[in-house]
Structure formats: C-alpha cells, structure tokens
Amino acid sequence: MSDPRPAVVGKRLAEVGRIVAFCSAKGGVGKTLCTVLSALQLARAGARVGLLDLDTQGASAHVFLGVTPRLPDEEKGILPLAVTEGLTLMGVAPFTGERGLALRGPDVSDAILELLAVTQWGKADFLLVDMPPGIGEEILDLSRLIPRLQALVVSTPSAVSVTVVERLLSVLREIRMTVPGVIANMVDGDAGPVRSLADRHGVPFVGEIPRDRAIERGVGSLEALRSSRAAAAARDALAALGWMPGAGGRAAGGRL
Amino acid sequence: MHEWALADAVVEATSSALAGKDPACLRGVTVQIGELQAIDREIFSFALETILAEKPYSPNLFHLETERASFLCSSCGKEWGLDDSPGLGASEKEAIHFLPEAAHAFMRCPSCASPDYRVQKGRGVKISGIELADRGGCT
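Residue numbers (our numbering), protein chains in the order written: chain F, 38 to 293; chain X, -6 to 132.
One chain only, chain F, in its complex shape:
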C-alpha cells in the first residue's frame, strides 16, 4: 500500500516562490499574529501571498483576518479562500468551522498532506505557514515534504520562551532547515534576550514587534491590523529580511 499524495506536493507548489514557516516551540508567543501581519504587509506591497494555517487544533488566522470559514471552490483541486487583494488562505477552518478538531499525530500528518496535495495555490510570491507550537508532526512533515521550506522563528523576550525556542533552533539545525531569522514579538522593553538567542545560534535577528494592545481591537479588521504599530514593525522585519517587494515588483519572493 502506498500513498500517492507526496508525489504531487512539489507540483502544487511549483509556482510558489519563497515558502516560510513561522515557528516557535512555545505557545502564545504570537506566531499567528506575526504570520498574518507579514502576509498583509507583503500583499499590500504588491506581492501575491498564500497563507496556510497548519495549526489544526488552534486555527485562528481566519479570525484575525475576519474570514468566515466556508467550503472552498474547486478547480482541479481546491482553491484557497480569497482574503483581500493578493492574499489567500487555506487551513482546516474552511472544513471544520469553529468546531473542535481532536486529532492524534497520524491524523495531523494526514491532514497536512491532504491540504498540500489538493490545494491549488497557483502563482504566488510567498507561502507563509502559520505553525502550531511545538517540534512535532507539522514541522517534521513539512521539512520532509517541502525541502526548500524556511523557518522564521518567533520568540518573546521572556526567559521561558527563549529557553523553549532554543530547543527548536537546535532541532532546526539538526534537520538542516534554513532559518532566515529570529523575530522578537510582544516586546515591552528589552528584546535583548531574543537578540542573544539569535546570536548564540548564528542566525540573524531581524526585528522586534512591540506588545500592541490595540491588536485585540483590530482582530477581524484588516485596516486596523494594517495600521497597527505591530504591523509597521513587521514590515521593518520583512525589509530587514529583504523580502519586501521593491519598485521592480515581486522578485523578493523568488525561488532560492
């Protein structure tokens, strides 16, 4: 018995430029917010962006983006939901809505593989993947199925977060994943601990996103999210990474 789905994952992503997983081994550090703000900023700058929410048990990117889950349209597969100009979204929420989805590890792997095998992203400059916390099925499966995947690591300056994220960085090195940078989130003072973490692992520190209490009021409103201080900081981080489209357009997401 063999599974045919891995044979088409590369084909489905053939027209996608840079593929980036927003990772943190620690929960509650704002991975989803960083992913969503990055997607909005890139799309606003003219890039074509797909957002894949792989947090099967805590899917929330659609909540930030104000997208009401609905079954996707079909076209030789399934089409990600349109969010706004240049931004589309896929994940488990279009299928399960706001119901709880109790999945064990093998089911998580199956769901990830199914989404990768049947979603037609089309031409995109970026695919940003919102990862669940941890060092489990999601990152291991993705690294195997998408060898060119990169991991952008998110941590808050808290000692607890830095300690846990340190383990993730070690594993990412062991599985030979490219880490373009570490970003500090929910910064309410000194981002030094995250900067030091990046230095210890020889990875660029690409920016800090302030703790922005206005974000909670912006949930579900693209304009409120885009105009937040956090969004401006996310844009600076993307610029530091060299990913913001320039006047020439979309080369920033180009294949490595």
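Please keep in mind that the hints were generated in silico from the structure rather than gathered at the bench.
Among the hints, erroneous ones may be present.
[Unchecked claim] Each pair of labels, with its calculated beta carbon distance range: (1) X:Thr59 x F:Arg250: 53 to 61 angstroms; (2) X:Glu58 x F:Gly103: 43 to 51 angstroms; (3) F:Arg232 x X:Thr132: 52 to 60 angstroms; (4) F:Gly64 x X:Ser68: 36 to 44 angstroms; (5) F:Leu108 x X:Ala126: 22 to 30 angstroms; (6) X:Cys69 x F:Gly171: 41 to 49 angstroms; (7) F:Pro241 x X:Asp76: 55 to 63 angstroms; (8) X:Gly80 x F:Leu108: 15 to 23 angstroms; (9) X:Gly74 x F:Arg232: 52 to 60 angstroms; (10) F:Ala276 x X:Pro103: 52 to 60 angstroms; (11) F:Arg185 x X:Glu47: 24 to 32 angstroms; (12) X:Ser38 x F:Ser39: 18 to 26 angstroms.
[Claimed, not checked] Keeping only pairs whose Cα atoms sit at most 20 angstroms apart, straight-line, the calculated SDA-like set for lysine to any residue is: (13) X:Lys86 x F:Leu140; (14) X:Lys114 x F:Arg266; (15) X:Lys86 x X:Glu60.
Quick reminder that beta carbons are idealized off the backbone N, C-alpha and C, glycines included.
We have chain F; now place chain X onto it with these hints.
Same frame as chain F, now just chain X:
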C-alpha cells in the same frame, strides 16, 4: 473537480514508481478509494483518463476498488463503520470529502460519544498495488 488533484497524484506516483523503466512494463495499478472520502468514481475515472492522455499508460491499466471505512474508538474500543455514523449533513459530508480528518469535528463514537477514535481503513485514496511485467528491466 477536487478528484482531479487526487487522480493526478495517482498518476504522478505511478510515473515515479516506473522511473527509468519502459512504460510497457506496467501491467496494472490498483487504486483503493476510501469510503470515508466519498470520491465520485465517475469523476475520478474521467480525471484519470484526461491526465493519462498525456502519459504513456493506458487508463485501462488502472483499477479502482472501494475500501469500506472502519473506525476504532480509543476510549471504549468500539469498532464501527460509516453506516453506523448517522446524522451527517450534506455540508459535513462535503467537508469530509475535501479533508477526511474533518470527520473528527463531526463524528463521534456511537457507543461512548468520544471524539478520540482512529480511522482504521477506508480514509482516502491509496495505491494498493503496481504490477509490472515479469521480464528483464521491469522488476
């Protein structure tokens, strides 16, 4: 035609299995269609034929079989089939059709109502066998 993407996967996986071999080596491919995903066999077959028109393999070599779905509750040990899982609406069935793991959002163990169960068989599309000619260069 969501089925197209899965038919495409079957063809690509078959092509990979035969990489470097004479296409005439292929004698047959058995594809199991899991009952849970409720793939439309007619659409799937049509997609296969369309995709294979550009490949050196005859659609007649691809045989579809249905695999009945079977579930095992991790909480109480109950085993059951899809017929014993009543109450699924059309949109829920369609969600499971697109993503079989969505079943865990809508179905519960008929004995203890637990959401913690395993799909033992009949989840989705699998290749259960690729038969090659019994001659040099094929096996």
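Each hint tested on the structure:
no. : hint                                    : result
1   : X:Thr59 x F:Arg250: 53 to 61 angstroms  : holds, 55 angstroms
2   : X:Glu58 x F:Gly103: 43 to 51 angstroms  : holds, 44 angstroms
3   : F:Arg232 x X:Thr132: 52 to 60 angstroms : holds, 58 angstroms
4   : F:Gly64 x X:Ser68: 36 to 44 angstroms   : violated, 26 angstroms
5   : F:Leu108 x X:Ala126: 22 to 30 angstroms : violated, 43 angstroms
6   : X:Cys69 x F:Gly171: 41 to 49 angstroms  : violated, 28 angstroms
7   : F:Pro241 x X:Asp76: 55 to 63 angstroms  : holds, 56 angstroms
8   : X:Gly80 x F:Leu108: 15 to 23 angstroms  : holds, 19 angstroms
9   : X:Gly74 x F:Arg232: 52 to 60 angstroms  : holds, 56 angstroms
10  : F:Ala276 x X:Pro103: 52 to 60 angstroms : holds, 55 angstroms
11  : F:Arg185 x X:Glu47: 24 to 32 angstroms  : holds, 27 angstroms
12  : X:Ser38 x F:Ser39: 18 to 26 angstroms   : holds, 20 angstroms
13  : X:Lys86 x F:Leu140                      : holds, 18 angstroms
14  : X:Lys114 x F:Arg266                     : violated, 50 angstroms
15  : X:Lys86 x X:Glu60                       : holds, 17 angstroms
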